[in-house]
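S.K.: Read off the chains here:
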Amino acid sequence: MVVMAAAVTTDSPTGVRAELALLYRRAGFGARPDELDAAERAGYEAAARGLLDAHDRPDPGAVPPPDLDAEADRRPPPASDRTARAAYARGLRERTEALIGWWLGRMVSTADPVTEKLTLFWHGHFATSIQKVRSPALMLAQNEIFRRSGRGPFDALTLAVARDPAMLIWLDAGRNVREHPNENFARELMELFTLGIGNYEERDVRETARAFTGWRAGRTGRFTVAAAQHDSGTKTILGHTGDLGGEDVVSLLAHDPASPRWVCSRLWSRYAAPVAPADQALTPLLTAYGPGLDTSAALRAMLLAPGFQATAGRLVAPPIDYVVGVLRALRITVPAPGAGGAAAPARLATVLRGLGQVPFAPPSVGGWPAGGAWLTTAASLVRTRFAAAVVDAADISAVADVPAAERVDAVARLLSVPAWSARTRSALSAAAADPPRLVTLALLAPEYLVT
Amino acid sequence: MPLSRRRFLIASGVTGAGALAAGAGVLSWDALHGAAADRPLAAGTGVLVVVTLYGGNDGLNTVIPFQDPAYRQARGDLAPAEPDVHPLADGLALAPALPGLAGLWKEGRLAVVRGVGYPEPDHSHFRSMAIWQTASPRTASTSGWIGRWLDALAAKDGATGGPAGGSTAGPTGGSAGGQAGGADPLRALAIGPTLPPLLVGDHTVGSAVPTGGFAAPSGRLGADLHALYRPDPADSPLAARAAASGADLFTVAGALAPVLADAPERDAGTQGQLDGGDPGAGGGDGGELGAQLDMVARAITAGVPTRVYSVSLGGFDTHAAEDGTHTRLLGQLDAALTRFHRSMAATPRGSAVTTMVYSEFGRRVAANASGGTDHGTAGPVLLLGRPVRGGFFGDQPPLTDLDDGDLRVTTDFRSVYATLLERVLGTEAGTVLGSDESFPRLAFL
Chain A
1 MVVMAAAVTT DSPTGVRAEL ALLYRRAGFG ARPDELDAAE RAGYEAAARG LLDAHDRPDP
61 GAVPPPDLDA EADRRPPPAS DRTARAAYAR GLRERTEALI GWWLGRMVST ADPVTEKLTL
121 FWHGHFATSI QKVRSPALML AQNEIFRRSG RGPFDALTLA VARDPAMLIW LDAGRNVREH
181 PNENFARELM ELFTLGIGNY EERDVRETAR AFTGWRAGRT GRFTVAAAQH DSGTKTILGH
241 TGDLGGEDVV SLLAHDPASP RWVCSRLWSR YAAPVAPADQ ALTPLLTAYG PGLDTSAALR
301 AMLLAPGFQA TAGRLVAPPI DYVVGVLRAL RITVPAPGAG GAAAPARLAT VLRGLGQVPF
361 APPSVGGWPA GGAWLTTAAS LVRTRFAAAV VDAADISAVA DVPAAERVDA VARLLSVPAW
421 SARTRSALSA AAADPPRLVT LALLAPEYLV T
Chain B
452 MPLSRRRFLI ASGVTGAGAL AAGAGVLSWD ALHGAAADRP LAAGTGVLVV VTLYGGNDGL
512 NTVIPFQDPA YRQARGDLAP AEPDVHPLAD GLALAPALPG LAGLWKEGRL AVVRGVGYPE
572 PDHSHFRSMA IWQTASPRTA STSGWIGRWL DALAAKDGAT GGPAGGSTAG PTGGSAGGQA
632 GGADPLRALA IGPTLPPLLV GDHTVGSAVP TGGFAAPSGR LGADLHALYR PDPADSPLAA
692 RAAASGADLF TVAGALAPVL ADAPERDAGT QGQLDGGDPG AGGGDGGELG AQLDMVARAI
752 TAGVPTRVYS VSLGGFDTHA AEDGTHTRLL GQLDAALTRF HRSMAATPRG SAVTTMVYSE
812 FGRRVAANAS GGTDHGTAGP VLLLGRPVRG GFFGDQPPLT DLDDGDLRVT TDFRSVYATL
872 LERVLGTEAG TVLGSDESFP RLAFL
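Going down the list, the sequences are from chains A and B. Numbering follows my numbering, with no gaps: position 264 of the first sequence is 264. With the second sequence counted from 1, adding 451 to any position gets you my numbering.
No lab work stands behind these hints, which were simulated from the structure alone. Keep in mind the model is a prediction, meaning the values are calculated, not measured. We put the beta carbon where it would ideally sit given N, CA and C, even for glycine. Heads up, a few of these hints could be off.
Stated by the list, open to error - Selected chain B positions facing chain A (Cβ under 8 Å, derived; list incomplete):
{"no.": "1", "residue": "ALA685"}
{"no.": "2", "residue": "ARG692"}
{"no.": "3", "residue": "ALA820"}
{"no.": "4", "residue": "PHE890"}
What the hints assert, rightly or not - Calculated from the model, a selection of chain A residues having no Cβ within reach of chain B, i.e. all distances over 10 Å:
{"no.": "5", "residue": "ASP172"}
{"no.": "6", "residue": "ALA258"}
{"no.": "7", "residue": "GLY290"}
{"no.": "8", "residue": "ASP294"}
{"no.": "9", "residue": "LEU381"}
{"no.": "10", "residue": "SER426"}
With the sequences and hints as input, model every part of the structure.
M.R.: Here is the structure:
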């Protein structure tokens, strides 16, 4: 099918194993050697289907979400009461840490990594931050929307997100009232969520804002429409005129001819390679997405697309993917909040902060950056410390128990790296006598950082 | 305690003592430390500090036309009480939260360029910030304006066989690191975990360093990483960049670790993120921006050979309940900039440091019903520092002649960049901004 680029090694991998390794890293968080062995026996297409269909099988690794006290989020004491205020801030911090630890733990232990990866994709697409929402319970509810509806039709997903209290708070939709529409949600809905820039006019944004007037998160944290604040007048959006409400606009935008390209190019950009919306590579995705706006079908088509394997080496593993991938490969689980150890939620949150990607806290509604932006000197320092710390806590017998001369290949197998460059092979060989040192270096090798 | 050049050198020596045996083609730790210590920035070399305010700072509530009835009418409750503002001239005043900047204005060290923007303003944060950072409004350029400046200098290095542009040439010649053409990773530094597009060139990138003290791995791990991050011709472009960013860590940490030896390690964390939302809290010491600028001040004082620093403050997207948030953010900005300016006043190298403050756009002239403002267009750019000639530059956009509710742009942002490129960075502006259009230079320098 496709030959791996830059594979300079003495033991050339079989083509299909390299392709499967890429499939598992991109669609999920990497493969363990036994998974890759089984996948190799099944063949690429069956393995891809198996990954996607894990959704329909019981998942013993689906850690149930923490019990977050939603009531506590809603009761910020007055700033004048310093003691109560400090207790409130501490509680908020603890619940946030529990939430972050839970999701990372679930990503690490799940038997359905495709769904967790897609949930993460939608979190970046509809990027919402706890910094402004200030409610772990509402962020969890939004996360469950991505997990539940992220594989379904895009219009239903978008409508669920448009009514999601965390999103309503995040983009000030609750402040959007008839007399003075607030455009924040309307603009991002068109620019980032459904159409992409250049596919609408300023007046469409202003009209769309009118359609969502009155939508808000009620006092109990539920979606509600304040009828008195809703503008039920006639609006014209993308050439459609009528008393358009929010539901109408979501449907209109999701079915606009520009939307499938936008959604599919976002998928391709994050799973395959940076892409322009006009790229030919999108054709199979667009066909599969079809009039039903079927996101699962687009995902499947992408993983099986002829051009997918040709994108090897075009992505940098984002920090969450990297950290989760390392923990899965080393079979380290995430303990409960408050516990210690290299994978303790608080430690992982600190590592991810240093790497620039904390779950539930994207930097802006545009989501996280991609590609080379993750490769900074600041991040290399944090990554180095993280790798050394987790290796200390890991069972690396798969590497340690083989003769020193075979360990460089054993660690490639452990991490599903198809091939080391001559430079990396030489650096790793120098450390082969010391397995923890060898595995630490392998986790930091350019061939592992780039997928 | 202020860090002297002498102390910087001593500190370098101490850290450099654990010299590493390095492979062929890799400079040793000694040499890396030497590169930072032996080629301090020549006194008088221009240094630019870029402060990015993410989210769209409300320019009209920063430099306020407080005597214009149209302003009070448009802004209603968001207009501060007249006795609270800091009057400048021409009927304009600085916001109540900016007393430090008002002091700099009186000293003649604050320039305000008014009505800055670009043709056909875009209301998207991302498109607009991309335009500001790439300085390329008409095409979707992927390189930042400082990145292209780095490219230009790297090309010059390639031609002369050593770092160009203001560093005194040291015995180590071309610095270490895996950058294309052996470019100096210290030349442009972002403070924070990720690299802003501003510092990404077509061939060369700046470095990102965390706030607080840090040191590269030493001992055997350090030596191992040197070997692991050597360039390999088989590397894909991204793998090459991964290797380069790892190698650059040693150069950057080698130069900065001693400078920051006694800086507290910061972890703002969810704690800072969540508590920071408390209006009025955390502004007194300049908050996170203050910590970033403190690092910059230490590095400049010690003579680290960096010409451009990038720092940032986010949260300016004030669609709702703007008053408390904006006041808090301006308070942080004021405290951080004022302290930075004081540090620069106390060091000879500070005489060549210019700071620019900008945001991707201003906000709509009329307030919305949420006590906030929506995305707008033109805004003021602030320049401060000892080389700066204070005063107003560019025309104030009139509030009575709006473009669909937005201010009209009176000054192209590339006029500001061109001026900085030529008078601070000593590079012909066309090299970075292209020669298709010309942008009048401004007299703030």
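S.K.: Confirm or reject each hint.
M.R.: Right, here's what the structure says about each hint:
| no. | hint | result |
| --- | --- | --- |
| 1 | ALA685 | holds (4 Å) |
| 2 | ARG692 | holds (5 Å) |
| 3 | ALA820 | holds (3 Å) |
| 4 | PHE890 | violated (25 Å) |
| 5 | ASP172 | violated (4 Å) |
| 6 | ALA258 | holds (15 Å) |
| 7 | GLY290 | holds (29 Å) |
| 8 | ASP294 | holds (27 Å) |
| 9 | LEU381 | violated (6 Å) |
| 10 | SER426 | violated (7 Å) |
Comparing the model with each numbered hint stated earlier shows that hints 4, 5, 9 and 10 do not hold.
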